[in-house]
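Chains W and E are the protein sequences, given in the same order.
Residue numbers 1 to 171, in the working numbering, belong to the letters of the first sequence in order.
Residue numbers 172 to 275, in the working numbering, belong to the letters of the second sequence in order.
Simulated from the structure, these hints should not be mistaken for lab results.
No residue lacks a Cβ here, since even glycine has one placed at the ideal position from N, Cα and C.
Errors might be hidden in some of the hints.
[To be verified] Now the in silico label distances, taken between C-beta atoms and shown as ranges: (1) Val134(W) - Ser248(E): 45 to 53 Å; (2) Asp35(W) - Lys246(E): 37 to 45 Å; (3) Thr3(W) - Thr186(E): 26 to 34 Å; (4) Thr3(W) - Glu235(E): 36 to 44 Å; (5) Asp35(W) - Ser184(E): 17 to 25 Å; (6) Met1(W) - Ser242(E): 36 to 44 Å; (7) Arg18(W) - Gly208(E): 45 to 53 Å; (8) Ser155(W) - Pro211(E): 49 to 57 Å; (9) Val134(W) - Glu201(E): 48 to 56 Å; (10) Pro211(E) - Asp123(W): 16 to 24 Å; (11) Arg6(W) - Glu201(E): 49 to 57 Å; (12) Arg62(W) - Gly187(E): 39 to 47 Å.
[Unchecked claim] Far from chain W, by Cβ distances over 10 Å, these chain E residues were calculated: (13) Tyr185; (14) Thr186; (15) Gly187; (16) Ser198; (17) Ala200; (18) Asp207; (19) Ala209; (20) Gly212; (21) Gly215; (22) Glu221; (23) Ser242; (24) Leu243; (25) Asp249; (26) Pro257.
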Amino acid sequence: MLTIHREIIEAIVAHARRDHPDEACGVVAGPVGSDAAARHIPMENAERSTTFYRFDSTEQLRVWREMDDLDEEPVVIYHSHTATEPYPSRTDVSYAGEPNAHYLLVSTRDPQTAEIRSFRILDGQVSEEPVQLVGESMDAMRSYEENGDPHAVQSFMFGQSPAAVDYECRR
Amino acid sequence: MAIDVRIPTILRSYTGGAKAVSSAGESLAELLTNLDGAYPGLRGRLITPEGGLHRFVNIYVNDEDVRFLGSLDAKISDGDTVTILPAVAGGAFGLAAAAAVLGR
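Let the hints inform the model, and build the full structure from the sequences given.
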């Protein structure tokens, strides 16, 4: 299971909405071995593509070194699919190179509802896991009110089964 | 001549869990051959059967991606740090289609 702060999910979805229709990507770092997603780091998509993403290699080295200096590791690696479901593609699976990471996918295909799913990808095997949200989101609410971003997400949908759906209506 | 080599989590099974190892060589190709002598199988995860650098990894000499330094011909000097990271990439496209379109 991925346990993650609501504010971080909101920041990830906001990043994905901002870069739509290009794919957005990034990392959430946390202390080594803690499995705690603590520090959101949006990354450049060096491909600037609607169907492909790649971390810029120079930015990645800087960020990975910073995590190393802080005794952190990538707890979450996320990217968006902008026209398809948030499920790992064959490309995603072949590149999955961080065995300790939760691979989080966000689909922005629906302008109102962000679909969010999380996976473990080990040795080419994909297994989906539940996402548990914790914490409040006052800052994100406030910034949404202030900026009035018309593309801001209005609801989230987690997972695929009806039991796991969580509608988060803001208005 | 000692080169500090940083090993990513996914390849530490080859180095007995070590995060960094020491090796030698005057070029990246030489370094990887020496590394494979000490940690058999490691080179095969970095180099394709055709002898090119695998697209699933990034290798850096100090702060520079070796793709900008002549790839396997990149020169290495005593005291340099070589960092290996998994390339982070993917997307909605299938791998074959992406490779065709991107010419990789």
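Hints, one by one, checked against the model:
Between Val134(W) and Ser248(E) the C-beta distance comes to about 49 Å, which sits within the given range of 45 to 53 Å. Taking the beta carbon of each, Asp35(W) and Lys246(E) are about 40 Å apart, inside 37 to 45 Å as hinted. In this structure the supplied range 26 to 34 Å holds for Thr3(W) paired with Thr186(E), their Cβ-Cβ distance being about 31 Å. For the pair Thr3(W) and Glu235(E), the supplied restraint of 36 to 44 Å holds, since their beta-carbon distance comes to about 38 Å.
Between Asp35(W) and Ser184(E) the CB atoms are about 20 Å apart, so this pair conforms to the stated range of 17 to 25 Å. For the pair Met1(W) and Ser242(E), the supplied restraint of 36 to 44 Å holds, since their beta-carbon distance comes to about 41 Å. As the Cβ distance of Arg18(W) to Gly208(E) is approximately 48 Å, the hint placing it in 45 to 53 Å holds. A hinted range of 49 to 57 Å for the beta carbons of Ser155(W) and Pro211(E) is consistent with their spacing of about 52 Å.
Take Val134(W) and Glu201(E): their Cβ atoms lie about 50 Å apart, and the range 48 to 56 Å holds. Taken as a hint, the range 16 to 24 Å holds for the pair Pro211(E) and Asp123(W), whose Cβ atoms sit roughly 19 Å apart. The beta-carbon spacing between Arg6(W) and Glu201(E), approximately 51 Å, falls within the hinted interval of 49 to 57 Å. Between Arg62(W) and Gly187(E) the CB atoms are about 28 Å apart, so this pair departs from the stated range of 39 to 47 Å.
At roughly 14 Å, the least C-beta separation between Tyr185(E) and chain W is larger than 10 Å, which holds for a residue marked as non-interface. Every C-beta of chain W lies more than 10 Å from that of Thr186(E), the closest at about 15 Å, which supports listing it as non-interface. The claim that Gly187(E) is not at the interface with chain W holds, since no C-beta of that chain comes within 10 Å of its own (minimum 16 Å). Listed as outside the interface, Ser198(E) is consistent with that label: its C-beta sits roughly 20 Å from the nearest C-beta of chain W, beyond the 10 Å cut-off.
Under the 10 Å C-beta cut-off, the non-interface status given to Ala200(E) relative to chain W holds; the minimum distance is some 19 Å. Distance check for Asp207(E) against chain W: the nearest CB is about 19 Å away, which clears 10 Å, and the non-interface claim stands. Every beta carbon of chain W lies more than 10 Å from that of Ala209(E), the smallest distance being close to 22 Å; the non-interface claim holds. Look at Gly212(E): its CB is around 15 Å from the nearest CB on chain W, clear of 10 Å, so calling it non-interface holds up.
With a minimum CB-CB distance of about 15 Å to chain W, Gly215(E) clears the 10 Å threshold, and the non-interface call stands. Look at Glu221(E): its CB is around 17 Å from the nearest CB on chain W, clear of 10 Å, so calling it non-interface holds up. With a least CB separation of 13 Å from chain W, Ser242(E) remains clear of the 10 Å interface cut-off, as annotated. With a cut of 10 Å on Cβ distances, Leu243(E) stays outside the contact zone with chain W, its closest approach being about 16 Å.
With a minimum CB-CB distance of about 21 Å to chain W, Asp249(E) clears the 10 Å threshold, and the non-interface call stands. A beta-carbon of chain W is positioned within 10 Å of the beta-carbon of Pro257(E); the least distance is around 3 Å.
In terms of the numbered hints stated before, the structure departs from hints 12 and 26, listed from lowest to highest.
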